[in-house]
Structures are given as structure tokens and as C-alpha cells.
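Enquirer: Sequence:
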Amino acid sequence: MQEWALWKRIWRSFSVLTHKKYSVKRNRSNRHKETSETLIKWASEVFCLLFKLGVSFVALNYISLSFMQIHTVFYFNYIIYSGLLIFCCQNVATFLLYQRFQN
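Adding 6 to a residue's 1-based position in the sequence shown gives its number in this note's numbering.
Hint data in this document are derived by calculation from the structure and do not stem from the laboratory.
Errors might be hidden in some of the hints.
Listed next, with one range per pair, are the computed distances between beta-carbon atoms [what the hints assert, rightly or not]:
(1) Cys54 to Gly89: 49 to 59 Å
(2) Leu71 to Ala99: 34 to 44 Å
(3) Cys94 to Leu59: 50 to 60 Å
(4) Tyr87 to Ala65: 55 to 65 Å
(5) Ile86 to Trp48: 26 to 36 Å
(6) Val79 to Ala11: 50 to 60 Å
(7) Phe101 to Ile69: 23 to 33 Å
(8) Ile46 to Tyr68: 14 to 24 Å
Every residue, glycine too, gets a C-beta built ideally from N, C-alpha and C.
Start from the sequences and build out the full structure, keeping to the hints where you can.
Expert: Structure below.
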């Protein structure tokens, strides 16, 4: 929910540059000064929001990758233990069959 609000604020901040107030023709120096200040404010706000959004994605990636790593460890343990179980059962079965046919 918070990420959606961040995207919404980023989208709204794009309208700052296209707002009518900044497209009115004035003398060049004044207009250039207002536009550059507006651009700097807009860029700092957008990059701050994108940074916050990026941090949340990094945290999400760490969480998902940690689950993937745990999943991989459990998968390899499953392969090893199931192989050992089959090997153990095979040895027990051959031992029991050998004893049965000895008697």
C-alpha cells in the first residue's frame, strides 16, 4: 500500500513541470531561474521517492532470496537424506532377506 502511495506522489510530481504557472512567458532570466529551481526541487523530491521505493524493493529482494536460499538448503538435504534412507532400507532389506533364506 505504501509503495502505491509513493508511485502516486511521483506521478503527481511530474505535473510540476507542465503546470501553467511555469509555462507563462516572462523575461528570460526570471523564467530560467524559476524553471531551474523548480527542476531542482522536483528532481530532489522524485529521487527521494524513488530511493525510498528502491529501498523497499531491496528489502523485499533480501526476504525473497533468503527464502530461496532456505528452500535450496532444504532441497539438497532432502536429496541427501532420501538417498541415505533408500540406501539404509536397501541394506536392511538385503540383510533380512539373507537371514530369512539362511534359515
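Enquirer: Using the beta carbons of Phe101 and Ile69, state whether their distance is inside 23 to 33 Å or not.
Expert: Given about 47 Å between the Cβ atoms, the range is violated.
Enquirer: Go ahead and decide if the range 14 to 24 Å is satisfied by the Cβ distance of Ile46 to Tyr68.
Expert: 33 Å, violated
Enquirer: Does the Cβ distance between Cys94 and Leu59 fall inside 50 to 60 Å?
Expert: Since Cys94 and Leu59 have Cβ atoms about 52 Å apart, the given range 50 to 60 Å holds.
Enquirer: Can the suggested window of 34 to 44 Å be confirmed for the beta-carbon pair Leu71 and Ala99?
Expert: Holds - the Cβ-Cβ distance for Leu71 and Ala99, about 41 Å, lies within 34 to 44 Å.
Enquirer: Could you tell me whether the CB distance from Cys54 to Gly89 stays inside 49 to 59 Å?
Expert: 53 Å, holds
Enquirer: Confirm or reject the claim that Tyr87 and Ala65 have a C-beta distance inside 55 to 65 Å.
Expert: Roughly 33 Å apart at Cβ, these two residues miss the hinted range, so it is violated.
Enquirer: Can you let me know if the beta-carbon spacing of Ile86 and Trp48 is within 26 to 36 Å?
Expert: With a Cβ separation near 56 Å, Ile86 and Trp48 fall outside 26 to 36 Å, so the hint is violated.
Enquirer: Quick check: does the Cβ-Cβ distance between Val79 and Ala11 fall within 50 to 60 Å?
Expert: For Ala11 against Val79, whose Cβ atoms are near 36 Å apart, the range 50 to 60 Å is violated.
Comparing the model with each earlier hint shows violations of hints 4, 5, 6, 7, 8; every other hint is respected.
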